[in-house]
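For the protein sequence lines, the chains are A and B, in the order given.
If you use the numbering used here, the first sequence corresponds to residues 1 to 314, in order.
If you use the numbering used here, the second sequence corresponds to residues 1 to 247, in order.
Think of the hints as simulated: they come from the structure by calculation, not from any bench.
All C-beta atoms in this analysis are idealised placements derived from N, C-alpha and C, irrespective of residue type, glycine included.
Hints may contain errors.
DEER-style ranges, computed between Cβ atoms [as the list claims (entries may be wrong)]: (1) T190/A - S190/B: 42 to 52 Å; (2) E5/B - T161/A: 28 to 38 Å; (3) R260/A - W219/B: 26 to 36 Å; (4) K189/B - S228/A: 56 to 66 Å; (5) A160/A - E5/B: 25 to 35 Å; (6) I263/A - A238/B: 27 to 37 Å; (7) E230/A - S190/B: 23 to 33 Å; (8) H137/A - Q210/B: 14 to 24 Å.
Covered by chain B, per the in silico footprint, the following chain A stretches (three or more residues, Cβ under 8 Å) [claimed, not checked]: (9) 143-156; (10) 188-199; (11) 206-217.
Derived DSBU-like pairs (lysine-lysine); straight-line CA-CA distance at most 35 Å [as the list claims (entries may be wrong)]: (12) K189/B - K140/B; (13) K264/A - K194/A; (14) K140/B - K264/A; (15) K194/A - K226/B; (16) K226/B - K189/B; (17) K194/A - K140/B; (18) K226/B - K140/B; (19) K264/A - K189/B.
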Amino acid sequence: MCGQCGLILPGPGPVGHLLTEMEAAMIHRGPDSTGFALYHQPTTDDSVIVRARLGEADGAEQRLSALVDASRGLGAQLLSEPELLGSAEQAGVFGRLTVRYTCPTSVLLAAIERVPGVYVHSMGRRLEIIKDVGDAHQVAARHAIGNFIGTHGLAHSRLATESVVNVEYSHPFWARPFLDVAIAHNGQLTNYYKMRRLIGQRGLAFLTYNDSELISVYIAEQLSQGVSLEDALARSIGELDGVFTYLLSTGEGIGCATDRLAIKPICVTEHRGMIAMATEEQALRHIIDEEIDTFLPLEGTATVWPAAVPAQAA
Amino acid sequence: MTTRETIVIRGIEIEVPDGAVHLDADGLDAFEFNRRLRALTESHDSIVVHHPRARHNLAVGLTRPAHVMFLGSVGYYCGGFNNGALIEIYGNGGWGLGEAMAAGKIVVRGDTAWAAGASMRGGTIVVHGDGGPRTGIAQKGGTILVAGSLRFMSGFMAHRGKLVALSGAGDALGASLYEGRIFVAGPVKSLGGDAVYADPTPGEAAEIRQELAEHGLGWPADPLRKVVAEGRLWYFDARDAALWRTV
């Protein structure tokens, strides 16, 4: 099952609140875990936001200071106080850092994750991934998702079919180590291990054994080589085997690709400068009161919607 | 002289029938909504439903010949098991619209999503927009009229009944048909395994012309072609193994 949605606002706005409401309308599709990939407005400096899970509350502060030390050890500069977030009773506590660094992202990422019990959920100039076990309202309340002001984002509630229920296996996934690229996916790949070996041979690593994470890295690698999102998504329809309807987001917008039988639904509306897409139409109706026109992307096609605010030039 | 109450939705002016009763779906779960709707069909001829908001399982299992008007899109399985009601949707129909309906009519003013009329046994579904993928899958009777085009694998494994599309169809139309009949005007991307074109009989053409006129749909400009099963998949024959592998 799984219920996913994406949203592009005409300008910076309450993207966290709206995605929570959309996801709440599809709670029946997957109550195991809920996650959000939210995009800020472009920043003027080249700072990167790191979102990580720090494990149990016990010892989390020590782990946070250990990862700060690891970052500083690589010459990274902390631009704000590192934050300890989330509540102790659920899936542990989370950390948020704003850093500036010159080493490759993969090197910094490896150094942070060398701290035992620390898993990085996202790194990006605009992207923050927040995910936790529980339904949309529970996760949103625990992580103050409703306060997030941004331009676009994804949300996903998961019914685990192919891998375990824990926070790292929740959607959306960050396409490590590519900044700002995230995925939400409904379906399962049947050529996962073959693709994983091929991508692994090119020196890319994964946090999990989840097929959706693989798609995100597979696409992001092509984006880093200058392939357009449209082309990368279109190519994936032939190269990925299995059932999929996925939403891939970057700092510049959101793309959607469906397999040739499109058994996993997605419904889209473009309304007053806002573009919203969701597994079920009722999620769109949940945030738009008036009658709207909706459409179902064609099977075996890729579509890209640009975010309203252009990304900051590099 | 009294003027009739009208409601405008998506630019369409809808005349509310005399004596109609209003039912607001907001705040009611599907079970409670259907319980109230069924009770209203016992006492009223027309029920106007406000705020359907594409929610699932609305108007399932109606048995009275009442007229139910949805002011907006409906979600999955609307009108499922319908046994005599006239359900009119001023919006889109979701997955499995009218699944397993036995009698009555469902009129959709917009498009339908996946598998409208799945396993329906009788009655009529009229879609003024396009029919989604697998429209009329495993149809076992009744009629589906689509003014627009059909998406891929429509008519898949239809046992009986009639599926009519006036503006073409996508891939694999009529794949693995049994004795269902498909009539299509306009471009067809491809036929499914074992589906072949045939000529409509004069009787069939007249029957469809009359049904279209009854529902305010014009006769298409393009010629109406009929799609039926060739029957090669009905019984397994080792010589046809290659054909089996294509479906």
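Hint by hint, here is what the structure shows:
no. : hint                        : verdict
1   : T190/A - S190/B: 42 to 52 Å : violated, 24 Å
2   : E5/B - T161/A: 28 to 38 Å   : violated, 49 Å
3   : R260/A - W219/B: 26 to 36 Å : holds, 34 Å
4   : K189/B - S228/A: 56 to 66 Å : violated, 27 Å
5   : A160/A - E5/B: 25 to 35 Å   : violated, 50 Å
6   : I263/A - A238/B: 27 to 37 Å : holds, 31 Å
7   : E230/A - S190/B: 23 to 33 Å : holds, 25 Å
8   : H137/A - Q210/B: 14 to 24 Å : violated, 53 Å
9   : 143-156                     : violated (count 0)
10  : 188-199                     : violated (count 0)
11  : 206-217                     : violated (count 0)
12  : K189/B - K140/B             : holds, 24 Å
13  : K264/A - K194/A             : holds, 23 Å
14  : K140/B - K264/A             : holds, 25 Å
15  : K194/A - K226/B             : violated, 44 Å
16  : K226/B - K189/B             : holds, 15 Å
17  : K194/A - K140/B             : violated, 42 Å
18  : K226/B - K140/B             : holds, 18 Å
19  : K264/A - K189/B             : holds, 22 Å
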